[in-house]
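Student: Read in this note's numbering, the sequence shown has 516 at position 175, and its numbers run on one by one without any break.
Hints are computed from structural coordinates only; laboratory data are not their basis. Note that the structure is predicted; figures quoted are calculated from it, not measured. One should not assume that every hint holds.
[Stated by the list, open to error] Derived pair list, reagent style BS3-like, types lysine-lysine, alpha-carbon separation capped at 27 Å:
#1 Lys357 to Lys448
#2 Lys448 to Lys438
#3 Lys438 to Lys357
[Stated by the list, open to error] Cβ pair distances, simulated, as ranges:
#4 Ser490 to Leu366: 44 to 52 Å
#5 Gly561 to Ala365: 15 to 23 Å
#6 Pro464 to Pro508: 34 to 42 Å
#7 Ala364 to Pro491: 18 to 26 Å
Think of the CB as a built atom: it goes at the ideal place given N, C-alpha and C, for glycine as much as any other residue.
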Amino acid sequence: IAAVMSDSQPGEAVGKAFPHLAAALGELRFSAEAEITALICRLPVSAVFSAAPLGVSAALIDRLLTAAEAAGTQPRVVDISADYRYPSAEAYAAVYKHAHGAPSRLKDFTCALPEHLAVAPPPHVAHPGCFATATLLASVPLLALGLASPTLFVSGVTGSTGSGRKPVDGTHHPTRHSDLYSYNALVHRHIPEITACAAAASGVTADFAFVPHSGPFARGIHVT
């Protein structure tokens, strides 16, 4: 690990934010964006894993790549937000109801799981996300081998860590620790991403009837 960026905790020990990793991280401290930019402009080749929030990641990655291009270096990005999962700014805006932060960069990203993509033609990858990963790993082999009809009924349960750090009514762990409830049934925003990735990986355009749930555990995604 060359560096870890944080816009809220630059200079703080990474192990302080992630105590379970403190022994492995040693004295590593968070770097500001300017330090990260300088680093990828110095390194001929680097890997950048972005965990910035939805709506923030696009512009942040665009700034980093613009600086690297000017310096003649080649970072390779894996983005785990939803900002680069769609092939067009219009498709992104239709789902997330706001304009894309860097539409000219969309052509440089492929959205897929590594298990389903032998070669990535563009230089960067958008990870499909948590519900999508569990659903795709289960469904793509069935579709590709013709073992299931192209209508799949999916029930998924997410843990409380998927809701982020900020407590919100209904998603905070003390509220949901003994509860299980569905939300956005059949209209969840990740259905288009799942459908597109499944079609690209299997060659079959399937109809996913997806019902997500909030579950009474902390980490993980459980899909049936």
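Student: Hint by hint, note whether the structure agrees.
Tutor: We went through each hint and held it up to the structure:
no.	hint	verdict
1	Lys357 to Lys448	violated, 37 Å
2	Lys448 to Lys438	holds, 20 Å
3	Lys438 to Lys357	violated, 36 Å
4	Ser490 to Leu366: 44 to 52 Å	holds, 48 Å
5	Gly561 to Ala365: 15 to 23 Å	holds, 22 Å
6	Pro464 to Pro508: 34 to 42 Å	holds, 38 Å
7	Ala364 to Pro491: 18 to 26 Å	violated, 48 Å
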